[in-house]
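Undergrad: What follows is the residue order along each chain.
There are 4 protein chains.
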Amino acid sequence: MSHKYSFYNDYSEGAHPKILDALGKTNLTQETGYGEDSFSLEAAKLLSDKIQNPNSSIHLVSGGTQANLIVLSSILKPYEAVIAPKTAHINVHEAGAIEATGHKVISVDSTDGKIKPEQVLEQVKFHSDEHYVKPRAVFISNATELGTVYTKKELQQLSKICKENNLYLYLDGARLGSALMSKGSDLTLPEVSKLVDIFYIGGTKNGSLIGEAIIINNPKLQENFRYYLKQKGALLAKGRVIGVQFLELFKDNLFLDLAKHANKMATRLTDGIKALGYEFLTDSPTNQIFPILPNTVIEKLQNQYGFYVWSEIGKDKSSIRLVTSWATEEKAIEEFIADLKSI
Amino acid sequence: MSHKYSFYNDYSEGAHPKILDALGKTNLTQETGYGEDSFSLEAAKLLSDKIQNPNSSIHLVSGGTQANLIVLSSILKPYEAVIAPKTAHINVHEAGAIEATGHKVISVDSTDGKIKPEQVLEQVKFHSDEHYVKPRAVFISNATELGTVYTKKELQQLSKICKENNLYLYLDGARLGSALMSKGSDLTLPEVSKLVDIFYIGGTKNGSLIGEAIIINNPKLQENFRYYLKQKGALLAKGRVIGVQFLELFKDNLFLDLAKHANKMATRLTDGIKALGYEFLTDSPTNQIFPILPNTVIEKLQNQYGFYVWSEIGKDKSSIRLVTSWATEEKAIEEFIADLKSI
Amino acid sequence: MSHKYSFYNDYSEGAHPKILDALGKTNLTQETGYGEDSFSLEAAKLLSDKIQNPNSSIHLVSGGTQANLIVLSSILKPYEAVIAPKTAHINVHEAGAIEATGHKVISVDSTDGKIKPEQVLEQVKFHSDEHYVKPRAVFISNATELGTVYTKKELQQLSKICKENNLYLYLDGARLGSALMSKGSDLTLPEVSKLVDIFYIGGTKNGSLIGEAIIINNPKLQENFRYYLKQKGALLAKGRVIGVQFLELFKDNLFLDLAKHANKMATRLTDGIKALGYEFLTDSPTNQIFPILPNTVIEKLQNQYGFYVWSEIGKDKSSIRLVTSWATEEKAIEEFIADLKSI
Amino acid sequence: MSHKYSFYNDYSEGAHPKILDALGKTNLTQETGYGEDSFSLEAAKLLSDKIQNPNSSIHLVSGGTQANLIVLSSILKPYEAVIAPKTAHINVHEAGAIEATGHKVISVDSTDGKIKPEQVLEQVKFHSDEHYVKPRAVFISNATELGTVYTKKELQQLSKICKENNLYLYLDGARLGSALMSKGSDLTLPEVSKLVDIFYIGGTKNGSLIGEAIIINNPKLQENFRYYLKQKGALLAKGRVIGVQFLELFKDNLFLDLAKHANKMATRLTDGIKALGYEFLTDSPTNQIFPILPNTVIEKLQNQYGFYVWSEIGKDKSSIRLVTSWATEEKAIEEFIADLKSI
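Chains A, B, C and D are the protein sequences, given in the same order.
Everything in the first sequence is counted per my numbering, starting at 15 for the first residue and increasing by one.
Everything in the second sequence is counted per my numbering, starting at 15 for the first residue and increasing by one.
Everything in the third sequence is counted per my numbering, starting at 15 for the first residue and increasing by one.
Everything in the fourth sequence is counted per my numbering, starting at 15 for the first residue and increasing by one.
Here are the computed lysine-lysine pairs in the PhoX-like style, where the Cα-Cα straight-line distance is at most 25 Å:
hint, chain 1, residue 1, chain 2, residue 2
1, C, LYS329, A, LYS139
2, B, LYS314, B, LYS18
3, C, LYS91, B, LYS177
4, C, LYS100, C, LYS167
5, D, LYS91, A, LYS91
6, C, LYS100, A, LYS91
7, A, LYS100, C, LYS100
8, B, LYS208, B, LYS274
9, C, LYS100, A, LYS148
10, D, LYS100, B, LYS148
11, C, LYS100, A, LYS130
It should be emphasised that the hints constitute simulated quantities derived from the structure, not laboratory data.
The structure displayed is predicted, hence computed values, not measured ones.
Next up, chain A with everything else stripped away, as it sits in the complex (with noise of 0.2 Å):
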């Protein structure tokens, strides 16, 4: 890429130096494959630490969209299906991924990512006999596509309605680091925990070579779980490989730490870009950013920065997307926001 900097995604980069070093160091010990050895067991137990759920089943997986269907194809009947916003990974950037193991999105609209108690009740009255699929799963991501955060009061209220109408909660994490160190937010890791059945901790976008880690509260969804990952491809033969990873991101606080920086890395973008005047499609307090500018701005800021233009804002105008990682380094920030003062 001949751009100066690339705002594009939070996994431009490859790990953070302190886990290539801990690959580096355990390299040689012969271990048991597919996520039977010790680093993994250790990772799994660290994190069921954090959660302070020691009941639950803790299992490393290679990327997000495998996470999804894995978690989905395990959780529903053939005839049961998922409510998700609209603009969820899983009902628009996994190719059917979802649909592909048998299972209808129903997708409700949303214009911030997130899904509101009453759209789901709404959902369940409406899917009302076997003419219709059976809503089970509902299906929510934090920080979302759109770089808002749920409030613990939202989630509390999401998850009570979730438990009334037999639904199971799942929460896709792949930027839940930087849900958590958001600015404002007043949810902690255990209490995210205890609010779902099943969520995934994401590695790849905070720092990771690859990883993410399904975790399951729910002691009826933990039966016989490696199954389906074996049957998906996910059981990796060096599953050590995220198992050192998820060891080295949790053993001190390196994950929270690489998802602080990011954010704020975030926030002087929004403080800055702000400051000239412009909009933003979203409120966003995470690492994933999406002002919106004149499209004639937005093609000369493409010569020197690498993003994504997201959605058409009246005939001139154009969101992008800016998103900020454990690498991205203030001068890069600093820089963008003088070449746009500069336009």
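With chain A held as given, fit chains B, C and D onto it using these hints.
TA: For chains B, C and D alone, coordinates are given in the frame of chain A:
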């Protein structure tokens, strides 16, 4: 694991040090995601040179089961099936991954892990109309799950019978390196490639952390393959992780050198065990060998070494599986033989 | 059911007497099984004459959901999807039958049950690469689930936009008879057939015991279709049962005569209800009508007649669905209107 | 067909005249759709009496492959598999219908169409962990595809081994009538029912136009079964068509009377053919028999009668399949034997 040494498999260690080095050196460059990074593209170009097919389409994925299920579900229509030896990985050890994509695996008897042209023909004839599935692909592995390899003549004959009967020939090359470098192997990589429609070259069992390279020679099978990768959760956000590794494996001769070493260690084991008067389940020139030992001997060995008991041979004996790798040291071989002698 | 009369649907009775007669007369001849009997073959020939396409491929199945799931799973590759109006039977009332075959239904807003060319185009543009599903078919029904019909111009435009964008156009004709015979319909059966790649003509809702005729015009979609039928359990051992019925429906003019009667009864209902000052949810010229009545009136009507309450219209009113059929008697219509008047 | 008589199968004719009569008599009453009509409900009640299980759940579908694929996909989790004899209909003659729902059919050797308890046990042991599919059901047919039947003792043993190993026992009763009425059969319908978790009673091959009755004894397997029916396209709008037929078959003794006749005709054929000195492939007491004849004799017979050549027996002989039905006349039997004698 508390054994002196594990012969359980060829993925007990991490990656060859050169591969880790390459990951470190390339770590901080910003790259495009999802397999379109410069390393993956360069690796694909390099592999197409190595197989001498500039028109091939090459895709990197994280594991063998993933490769198998994506390839077969992409080349078969819903009513089509794949013919495979009874011992095939897809028939036994993938938790029904192929059937989970909707396709029958038609298994045929095999004692050495290989399939014969006449067996293919027999199945084509048997499946005569729409009350049966329609055979459309043949699955082989080289080396096979029993350590054996196909000769050039055998592969040519299979290739011919497949072409004559409108069947795609797919080769699972999880241990293709070991097959190519095995004693008396009369096949080169370009020759193997020319004789099959589609195959994969295994990295995981030959020195990588993760990674298999799917190579599609038949142009009919190339269209929109990335959709299958995405839908099955195989497009890694940081695809560079596999790209860098294949580049390192193939830019010089590392891939074959590592396979050569593994074979050499296996041959020493074989020779040493034969010298003690023991027989073998199959005649394996590759890095998996299957000596037949008295159960009493096996029990004692298990206190010192890690390995799988493979199959019962009469009442008092069993075959065991010993696997060597790029990381196996001569010392381990010598000790094993000495210990076996002293039992 | 203890109602005076049921307007629940157009499949409350068995078959038209002529159809039962035909089953009786042909009952004891010995025939080949699985749809290759002389009646099914003759019916297919007759239908290909009626649609004026000697190169069509025609298959008889037992029901509409079965037809839809077989057709769509046969024409879509695993990563391909079908675009449909939000109200489409496949999107709402088939318990996820299409998704169960692995395919996403991309739904677009619709208040009248129809889809517009620009909506198709919008979806094609939105689904731009392998991170999305790939739209490859458009599903329409005629008459729609809301009783409306496509004009010739509308169908031509849809057909054109599909061809231009490499999309198959599939028409669910569960109530095609009623659509063709509706007031002001400017489409003939051959014209409909020419404008779509594949469609089915519904027998069940137009006088048969069971049976729908799938008609494949696009030669690319014809290959090995019987494999799909068999695999989905749609090849009846006694396929003759459907063959005899379609032969009877189409050898003279029975199919259209029955539809004409159903429409006539619906029009009388509509006229009578309109004369009482009530409005309708949609402007339906076919055998399903949707008057809007005060909830208090609906409650009283429900004591005497069977029908579904369709949707809430504000606080105090709802639309109801009244369906007529080949078997509806004028007397029932007259009584209903009289009773409605007297409430 | 230009043969004197067809012994191809037991579905060459339409329905027994009493069944057609019943359809005629009930034709014009208005009924609820989708299997909730009064006839289907009454038939279910009647069948639950006949099997002496008031807690069974009974559903009527149109064909055997449909029944098999719905039952198995409803009782198996995605990673679970069904064990079946190699000759099982689901393993050979259903175009991969079971695999298309995602499940492996684990086939075991069988020469008589039956499976032995020890074969079941062997498979359970072999499939030991998540790298394999997990056997969870056993499929048997009675009568089998080779005309043989299970004795009470055999079925009890199978039932016991299934219970002990957490396997559901599923019986395909496409020809259950013939099995129950076969010479020396020591099983009654209630006894069969008690020994299996789920089974179906075949109507199509025993006098109906269409129709099989799925009977679910195991309460765990009953929940939401209608969702599966709907999703697979098996809920007929006019479910009454099957309800009326089963009511007629079971309200008196028609079902067993028709099976008895078919068996009687088959036995006469067997006796006549044996008297001419010919041997048989299997010892079948039911309505499918498999005499072994010289190929030259078979060729001559084929000019006069319709039947399938089943399997080669050495160079010069083959087994053929002759099937009788409720409609087979004694005259046809006598002529066949006379013609065979005169060749």
